[in-house]
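Asks: Sequence:
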Amino acid sequence: MKKMKRVIAVGFIAIMLSSCATILGGKVTPSQKRKPAPGEQQRQVRVVALIADILLFAPGLIVDFATGAIYKPANND
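According to mature numbering (1 follows the signal peptide of the UniProt record, and there is no 0), the residues represented by the sequence shown are -21 to -1, 1 to 56, in order.
Keep in mind that the hints were calculated from the coordinates and are not lab data.
Positions of the beta carbon are idealized from the N, C-alpha and C atoms, including for glycine.
Across the chosen pairs, the derived CB separations fall in these ranges: (1) F44 to M(-18): 32 to 38 Å; (2) F(-10) to T46: 17 to 23 Å; (3) I(-14) to P9: 37 to 43 Å; (4) I30 to A(-13): 25 to 31 Å; (5) P9 to I30: 21 to 27 Å; (6) P38 to M(-18): 21 to 27 Å.
Work out the full structure, taking the sequences as your base and the hints as a guide.
Replies: Here is the structure:
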């Protein structure tokens, strides 16, 4: 029984540390990964993914920003 509780707890933590945009957002493009150069337009945030991360996957929000998955891909990629 104790082992089953640990497995459930680890599974729950894994789900909480995953992130909405990383899982559902598709392939991350090079424009999403890099910071805009000075004078370049700022990246657009996927609002639905941001709200889903805040409500469902709060710790995973860090993952989305770190991988760039939270940003909309540029049209030229």
